[in-house]
Amino acid sequence: MIPPFLWRAFRANETAVHELNYLFWECTTRCNLHCRHCGSDCFASSADSDMPLEDFLKAFDTIPRESIAKPFTVVLTGGEPVLRPDIEEIGRALRSRGVSWSIVSNGWFYDEQKHKALMAAGLGALTISLDGLEESHDWMRGRSGSFLRARRAIELAAAEKRLNFDVVSCINRRNLSELEQMYSLLTSLGVKQWRLFSIIPIGRAASDKEMLLSAEEFRSLLEFIKNKRADKSAPMKVTFSCEGHLGKYDSAVRDTPFFCRAGINIASVLIDGTICACPNIDRKIFGQGNIYKDNFFRVWEEGFELFRSREKWARKGSCAECKLFRDCLGGGMHNWHGDISDGPLVCLRDLAL
Amino acid sequence: MRKLFHNLLKGLSLTAILFVFQACYGTPNGDPYYAQDEVPENQTPNGENNGPVESPDASSEAAE
Ligand code: SF4
Ligand code: SF4
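Line order of the protein sequences matches chains A and B.
Per this note's numbering: the first sequence = residues 72 to 424.
Per this note's numbering: the second sequence = residues 14 to 77.
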């Protein structure tokens, strides 16, 4: 385990250097599914047009070649990025610029032909969402047949050695009891990495009681992950996603202590050109300009002040008196919505106690 | 100095280990397919665009 003081020093250094390693491009907000937990819904409308590739590339080309870090990945997100008819062209354009690219997909359109085409265009990493066994997944995704499509995509991706692949699952009241069966299913399909997250009450999930875990349920999820990770010979690595500090569970369910890298190593170009960090962050509050008005790289270098100075402003609401603040800095930036003087929407440490 | 520390860690391949993307959004980072060093010389010089993107209208041409 890394001593907290060392981790804090490392984090402060990373923040000062703020190397851009990870660039989300919200290339479409169109989607073929209607997920109960869709986080984009409160910010972006599916009525937005796809952003033309050349607009994104013009913004990307503000990054001087010598400032392209290693590693550097462009992550196509949405909506469902596979809906873009020019997705292979996008991939080739990025490869020609010397960067890797990846997608997050619901797997619906990810058949063998698509897989081959994406690999030929240099797809480097892929995440497929699977939110339970068949009935639960289809319920979450709002469309029957989505489980079978996702499973097919997982089989194809897991068999592909040239792909850095993982499965991500949103754990809620319905599928919590299916964790063991999901684990068996995924290992039988050859999956090596499984990332789990719970839902925070934004988007469609805010009013959906079946989505939100109680503190007890949340702890049972963390216990599940902790136990799986304790088995060093396990065929698949299970991880809890970043989200926030987890108190005593923090280093038991992740590889490294909590560190929200939004705006420190992570940026995004959102559907309307807004420059921000992870797409689930409140873009109205934390947006840092727009590629149609600003030089993207200059914004990255000179903007993002709120992301890089959390010690100065995030001691608000429940974080004001928190003993963990120096290690947590107010949790994930995606937890801050609306009036930030109220503090973050959720504190995972409270749930994990 | 900060950059030096950062580069030192990088030299030890530690930042690659430590930068593990764990968000609910996003994909694993790293890329077994191409090491970035192996990618052919850049065909499009980066940094060539010095201003904002000109066209403010995101056309729907790319949509199906
Ligand atoms: S109260 Fe704030 S700083 Fe403390 S653990 Fe919760 S989110 Fe983190
Ligand atoms: S904003 Fe949230 S998803 Fe993004 S890096 Fe921070 S904790 Fe992770």
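Hints in this document: simulated from the structure, not taken from any laboratory.
Check the hints yourself; a few may be wrong.
Non-contacting residues of chain A with respect to chain B, defined by C-beta distances greater than 10 Å in every case (computed) [what the hints assert, rightly or not]:
#1 N92
#2 P142
#3 I174
#4 E205
#5 N235
#6 F236
#7 T258
#8 K364
Taking lysine-lysine and the DSBU-like style, the derived pairs with C-alpha atoms no more than 35 Å apart in a straight line are [what the hints assert, rightly or not]:
#9 B:K16 - A:K263
#10 A:K364 - A:K297
#11 B:K16 - A:K394
#12 B:K16 - A:K355
Note that this is a predicted model, so its numbers are computed, not measured.
Where is the CB? At the ideal position from N, CA and C, for every residue including glycine.
Legend entry - Beyond 10 Å from every chain B Cβ - status for A:K364: 5 Å, violated
Legend entry - Consistency of the no-contact label for A:I174, given chain B and a CB cut of 10 Å: At roughly 7 Å from the nearest Cβ of chain B, A:I174 sits no farther out than 10 Å, so the non-interface label is violated.
Inset, instruction - Starting from B:K16, check that the Cα of A:K263 is at most 35 Å away, please. - result: Given pair B:K16, A:K263 holds - Cα atoms ~34 Å apart, limit 35 Å.
Inset, instruction - Verify the proposed pairing of B:K16 with A:K355, using a straight-line Cα cut of 35 Å. - result: Holds, because 32 Å separates the two Cα atoms, which is no more than 35 Å.
Legend entry - Least C-beta distance between A:N235 and chain B, which was stated to exceed 10 Å: 5 Å, violated
Inset, instruction - Please confirm whether A:N92 is truly not at the interface, meaning its C-beta sits more than 10 Å away from all C-beta atoms of chain B. - result: Not fine: 6 Å to the nearest Cβ puts A:N92 too close to chain B.
Legend entry - Assertion that A:F236 lies outside the chain B interface [Cβ separation over 10 Å]: At about 7 Å from chain B, A:F236 fails to clear the 10 Å cut-off, so the statement is violated.
Inset, instruction - Starting from A:K364, check that the Cα of A:K297 is at most 35 Å away, please. - result: 46 Å, violated
Inset, instruction - Just double-check A:P142 for me: nearest Cβ-Cβ distance to chain B has to come out over 10 Å. - result: About 5 Å separates A:P142 from the closest Cβ of chain B, which leaves it inside 10 Å; violated.
Legend entry - No chain B beta carbon within 10 Å of A:E205's: Its Cβ never comes within 10 Å of chain B, the nearest being 22 Å, so this holds.
Legend entry - Non-interface label on A:T258, tested against every C-beta of chain B at 10 Å: Consistent with the label, A:T258 stays out of reach of chain B, its closest Cβ about 17 Å off (over 10 Å).
Legend entry - Distance restraint between B:K16 and A:K394, which requires alpha-carbon spacing of 35 Å or less: Cα-Cα ~30 Å, so holds.
When held up to the earlier numbered hints, the structure conflicts with 1, 2, 3, 5, 6, 8, 10 and fits the remainder.
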